[in-house]
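Those protein sequences? They're chains A and B, same order as listed.
For the first sequence, this note's numbering assigns the number 148 to the initial residue and increments by one for each residue that follows.
For the second sequence, this note's numbering assigns the number 6 to the initial residue and increments by one for each residue that follows.
Bear in mind the hints are in silico, worked out from the structure with no lab data behind them.
Worth double-checking, as some hints may not be accurate.
Computed footprint of chain A on chain B; a stretch qualifies when at least three of its residues, placed anywhere within it, have a C-beta under 8 Å from a C-beta of chain A [said to hold, decoys possible]:
| # | region |
| --- | --- |
| 1 | 37 to 50 |
| 2 | 59 to 68 |
| 3 | 80 to 91 |
Owing to the predicted nature of the structure, the values given are computational and were not obtained by experimental measurement.
Ideal Cβ placement from N, Cα and C applies to all residues, glycine included.
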Amino acid sequence: MASLKEMRNRIGSVKATQKITKALQMVAAAKLRRSQDAAQNARPYAERMAAVIANLASGVSGEGAPKLLVGTGSDKRHLIVVATSDRGLAGGFNSSIVRAARERINRLRNEGKDVQILTVGRKARDQLRRMGNAAGAFEAGANPSLAVAEEVSLKVRELFETGQVDVVTLFFSRFKSVISQTPVGVQLIPAEVRAGSTPVDLKGASYEYEPDEETILETLLPRNITTQILSAMLENQAGFYASQMTAMDNATRNAGDMIASLTLQYNRSRQAQITKELIEIISGAEAL
Amino acid sequence: MAEKLHFSLVSPERELFAGLVDQVDAPGAEGDFGVLAGHGPFMTTLKEGPVTVHNDGKTTVYNVRGGFADVTPAGLTVLAEHAVEAV
Numbered sequence: 148m149a150s151l152k153e154m155r156n157r158i159g160s161v162k163a164t165q166k167i168t169k170a171l172q173m174v175a176a177a178k179l180r181r182s183q184d185a186a187q188n189a190r191p192y193a194e195r196m197a198a199v200i201a202n203l204a205s206g207v208s209g210e211g212a213p214k215l216l217v218g219t220g221s222d223k224r225h226l227i228v229v230a231t232s233d234r235g236l237a238g239g240f241n242s243s244i245v246r247a248a249r250e251r252i253n254r255l256r257n258e259g260k261d262v263q264i265l266t267v268g269r270k271a272r273d274q275l276r277r278m279g280n281a282a283g284a285f286e287a288g289a290n291p292s293l294a295v296a297e298e299v300s301l302k303v304r305e306l307f308e309t310g311q312v313d314v315v316t317l318f319f320s321r322f323k324s325v326i327s328q329t330p331v332g333v334q335l336i337p338a339e340v341r342a343g344s345t346p347v348d349l350k351g352a353s354y355e356y357e358p359d360e361e362t363i364l365e366t367l368l369p370r371n372i373t374t375q376i377l378s379a380m381l382e383n384q385a386g387f388y389a390s391q392m393t394a395m396d397n398a399t400r401n402a403g404d405m406i407a408s409l410t411l412q413y414n415r416s417r418q419a420q421i422t423k424e425l426i427e428i429i430s431g432a433e434a435l
Numbered sequence: 006m007a008e009k010l011h012f013s014l015v016s017p018e019r020e021l022f023a024g025l026v027d028q029v030d031a032p033g034a035e036g037d038f039g040v041l042a043g044h045g046p047f048m049t050t051l052k053e054g055p056v057t058v059h060n061d062g063k064t065t066v067y068n069v070r071g072g073f074a075d076v077t078p079a080g081l082t083v084l085a086e087h088a089v090e091a092v
């Protein structure tokens with residue numbers, strides 16, 4: 148049985164932990180709102196971009212089509228880009244992204260494909276270090292920025308253009324709501340033309356391009372990769388804070404429960420000791 | 006001017022403008038152009054410069070760098086790498 152002093156210390160330490168988790172929860176809640184707005188504000192751009200590409204892609208095909216759109220014709224060498232956050236303390240948020248990515252990597256390797264891994268975010272780097280074959284690692288940074296997305300996108304394109312990879316897939320967590328984020332894998336190269344997005348009805352008129360379709364596609368596709376990486380990072384950020392908020396809320400509640408049960412235990416043993424001392428005094432007095 | 010053009014200006018960070026306007030002038034890679042309602046389908050890259058929005062006799066100017074303009078029967082969409090409202 149722990150002494151009363153030990154129990155008092157224990158209660159004090161749990162209380163201190165609770166203060167920290169409570170503070171983290173409130174910080175996450177405040178940041179969640181901002182990053183949620185950022186993720187939502189970025190959506191129109193990504194959506195329009197996808198629509199424009201779908202529109203253009205329906206027009207070009209065959210020899211002249213850019214490689215970023217149609218691929219190299221092989222699917223032997225894969226690049227898996229895994230985006231997570233830099234920090235932890237967010238429940239299973241990062242692990243679930245990494246798990247989804249790892250499943251894909253193992254499956255591809257079992258099929259005899261060559262897989263390289265590019266990580267964005269410290270957690271992805273740490274958890275995937277043992278998978279080997281790292282093509283590079285980036286840090287997500289405190290706030291997702293176009294600059295970081297651009298860097299990652301450049302690296303991806305460099306690997307593709309130098310013929311080191313054929314297929315690029317990006318893993319991140321899609322922010323559905325505060326209580327639901329799901330890890331997803333999105334194919335970046337060859338560009339996935341969103342199924343079901345029908346070309347805009349032109350009402351009989353034909354599209355005019357300036358300069359021409361191929362040139363536009365060639366500038367648009369790299370930009371689309373950057374956009375997708377940026378939106379993945381923004382969704383991750385929002386998901387991360389949502390996840391951290393929930394995790395810290397649970398931790399605060401657990402700490403509360405623990406304090407309650409420890410306090411009960413502490414009071415019981417204190418009472419028991421008083422009773423014991425009383426009995427000793429009484430029996431001592433009787434013996435006189 | 007009865008008919009209005011649906012115009013939206015989006016950058017990776019946010020949607021700067023979406024709504025009905027009278028006319029939009031934009032700096033195309035091969036020359037500036039203006040878009041009114043009912044413009045034929047048209048797509049171009051943009052060079053750095055101002056995008057001017059005319060609506061109800063008022064004009065708003067946005068400075069745009071790098072991007073695309075896409076004109077469909079549904080309206081004009083400008084996808085800009087960087088866009089800020091000029092003051």
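| said: If you test the structure against every hint from before, which numbers come out violated? | reply: Result: hint 2 breaks, nothing else.
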